[in-house]
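Engineer: Produce the complete structure using the sequences and hints provided.
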Amino acid sequence: MSAPVIWIVLPFLAGTVILFIPNTRVASIVGGVVTALLALAALAIPIDTALLLGSVSFKISSTVQILGRSLLLSAADGPILAMIYGLATLWFFGTEAAGSSGRFVSLGLAIISLLVASIAVEPFLFAAPMLEMAALLVVPLLVSPQQKPGRGILRFIIYQTLAMPFILFSGWMLAGVEASPGDIGLTSQSGVMLGLGFAFLLAIFPLYNWIPMLAEEASPYVVGFLLWALPVFTVIFALGFLDHYAWIRTSPGLSNAIQFAGLFMVASGGIFAAFQRHLGRMMGYASIVETGLMILAMVVKSPLSVEITFMLLIPRGLELTVWALGISVIQKSAQPLRFSSIQGLARTYPIAVGALVLAHLSTIGFPLLAGFPARLVLWEELASQSLIYAFWILVGLFGLLTGAVRTLAVFVMAPEKTPWAWNESWAQSVMLGVGVIVLFAIGLFPQTMQPFLSSLPALFEHIGQ
Amino acid sequence: MLVEITSWIAVAFILVAATTLLLSRDWRLSLGLLAAQYLAAFVLVLHHWPLGMATVKLVTGWMVTAAIGMTRLSISRDESGAESFWPRGQWFRISLAAIVALLVLVASTGIEEAIPGLGLPVVTGGLLLIGMGLIHLGITSQILQTILGLLTLLTGFEMLYAAVESSILVAGLLAVVDLGLALAGSYLLLADSATETEEEAA
Chain B
0 MSAPVIWIVL PFLAGTVILF IPNTRVASIV GGVVTALLAL AALAIPIDTA LLLGSVSFKI
60 SSTVQILGRS LLLSAADGPI LAMIYGLATL WFFGTEAAGS SGRFVSLGLA IISLLVASIA
120 VEPFLFAAPM LEMAALLVVP LLVSPQQKPG RGILRFIIYQ TLAMPFILFS GWMLAGVEAS
180 PGDIGLTSQS GVMLGLGFAF LLAIFPLYNW IPMLAEEASP YVVGFLLWAL PVFTVIFALG
240 FLDHYAWIRT SPGLSNAIQF AGLFMVASGG IFAAFQRHLG RMMGYASIVE TGLMILAMVV
300 KSPLSVEITF MLLIPRGLEL TVWALGISVI QKSAQPLRFS SIQGLARTYP IAVGALVLAH
360 LSTIGFPLLA GFPARLVLWE ELASQSLIYA FWILVGLFGL LTGAVRTLAV FVMAPEKTPW
420 AWNESWAQSV MLGVGVIVLF AIGLFPQTMQ PFLSSLPALF EHIGQ
Chain R
0 MLVEITSWIA VAFILVAATT LLLSRDWRLS LGLLAAQYLA AFVLVLHHWP LGMATVKLVT
60 GWMVTAAIGM TRLSISRDES GAESFWPRGQ WFRISLAAIV ALLVLVASTG IEEAIPGLGL
120 PVVTGGLLLI GMGLIHLGIT SQILQTILGL LTLLTGFEML YAAVESSILV AGLLAVVDLG
180 LALAGSYLLL ADSATETEEE AA
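Chains as they are written, first to last, in numbering that gives the first Met the number 0: chain B, 0 to 464; chain R, 0 to 201.
Hints listed in this document are in silico derivations from the structure and should not be mistaken for laboratory results.
By construction, the Cβ of each residue, glycine as well, lies at the ideal position given by its N, Cα and C atoms.
Be careful, since some hints might not be right.
[As the list claims (entries may be wrong)] Sample of chain B residues lacking proximity to chain R, with all beta carbon distances greater than 10 Å (derived):
1) R24
2) I183
3) S424
[What the hints assert, rightly or not] Output of the computed footprint for chain R on chain B, the stretches with three or more beta carbons under 8 Å from beta carbons of chain R:
4) 66-72
5) 130-138
6) 146-157
7) 162-175
Structural biologist: Below, the structure written as structure tokens:
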């Protein structure tokens, strides 16, 4: 048995089997259990190390050969796999509570396994087609068979598809840059190609217009899943580029451009969020701000840059799960999710509203919540470089805070004698409750993330040096 | 010499097919032109890949065409005239295609010199498809046209990429991407037609 078979092939097969389970609850439980087991296995079973089980000795090898290339998941990948499958467990257990269909679990598992394959494939450049395949698999989740496809979904497909040629071609050009580092023309051309590829993949300004559109058109739970899964793996892919090609890290022009893009995303996303009147769009803009912060963390001139990036990745998954689940619960009584429809819902959906607002506040970096430690470190590191950078992050986060305050104000704007009621099901309450507890747990004890961060220097050994 | 002549015939074929695809409102003609584009691309990919691998591109392309065609066949709606600026846009589209063709003519020699070994017909054909695909994406909001634009663009890219990367895994992955794009497009076409049927019934 090899690691790629366990963490790529098995979940894909499990997803295929779950497709034939008609009951959403069963599909959700099976999917959640499968990912939970995979997460535990990633934490407990060391890759490429001989293990003794009774009298039987076995070893999980790290590599599988496919068509002359290899899929490699080393021991250092274990914590990342545990993090990814752990967060996927939350998403899949929440499927029924969110009112999503069973195929969310089956396609979700297939998407996660493709995305894991994207970090395992060697050479790592070939991750681009896998990211594209994962993006295409999201399409049936975003548009139900009875729903008219909107502009958001078409733009999503176009942008994700355009990213792949740019990245593949830039990868080929980068090999030339490695061979002749003095060729400035080739270096700048490959830099532009690579930049465009990642601009499409990570939805960098102004290419993020599909996010709010999609957040308005599609199921918030699916959009939340998409906004968690794709950027997380794209960031890991981008870290691979930064680690592999020294000139990208050392080129002042390129790293300034990346920082500028990140800052623009944080500031513009925050400012736009302040003016939103739709809960889905608000979540979309918050995810844009988070992606901006991740981009800034990747290129911040600090030995901690990789750790900060991953400290942002873990809470992002949690925040989006809780946020999307909260919106999905409310959605049953508020269609469309505009402020005019959600007025006063804090009295009828107190747990969902509370969880949603806390997830929003965590995205801003409120103290005691999961988003706080990473934002504090990032802000500190950026402020030591430039106070202007720190100021623009403040602007973005203040915009998000304005959005949170406006949302909260609308939620509590119930007529005076409206009685308090508890309309969430027990499953919804448990899922939201667990999510909020974990948000507080990470905020209060950020060292709980340490096991996931410990192997990062081995994975990205050149970044931050 | 014969190979060179065949290659340039394929490039001319691409120019005609891609331009007509840009103008065509009949889905049957559009899909025929898409299949023709794949055939021309196959001829050009043969410059760098062995016949067996190049055939993968052709077979995938025709499978893509068949998948979209079968989906479109099951939809009764007539899409012609749905684009608001048609037929006024006809000359506009021809002008855009001419601009792309001129730009490609100018750029392809430079690129061929910068990346020796690609071959001028391959560069010209690839860039033509990429340019026409981009125009397609820029001037339409219809699902079918968008998917055709993306497939045209990807065909152009794959032709150029085949000249620099001959990995079987990449060829396989790109084939899956093409098929996935066609299936995603077919799914969206069906969802779109289902809602329209419901609206008409209501």
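Engineer: None of the hints should be skipped; say for each whether it holds.
Structural biologist: Hint by hint, here is what the structure shows:
For R24 of chain B, the shortest C-beta to C-beta distance to chain R comes to about 26 Å, beyond the 10 Å cut-off, and the non-interface label holds. Every C-beta of chain R lies more than 10 Å from that of I183 of chain B, the closest at about 14 Å, which supports listing it as non-interface. Every beta carbon of chain R lies more than 10 Å from that of S424 of chain B, the smallest distance being close to 29 Å; the non-interface claim holds. Only when three residues or more bring their CB closer than 8 Å to a CB of chain R does the claim for the region 66-72 of chain B stand; here the count is 3, and the claim holds.
Chain R is given as covering the region 130-138 of chain B, and this holds because 5 residues of the stretch bring a CB closer than 8 Å to a CB of that chain, at least three being needed. By the rule of at least three residues with a Cβ nearer than 8 Å to a Cβ of chain R, the coverage given for the region 146-157 of chain B holds, with 8 such residues. Judged by the Cβ-Cβ criterion of 8 Å, the region 162-175 of chain B is covered by chain R as claimed, because 5 of its residues qualify and three suffice.
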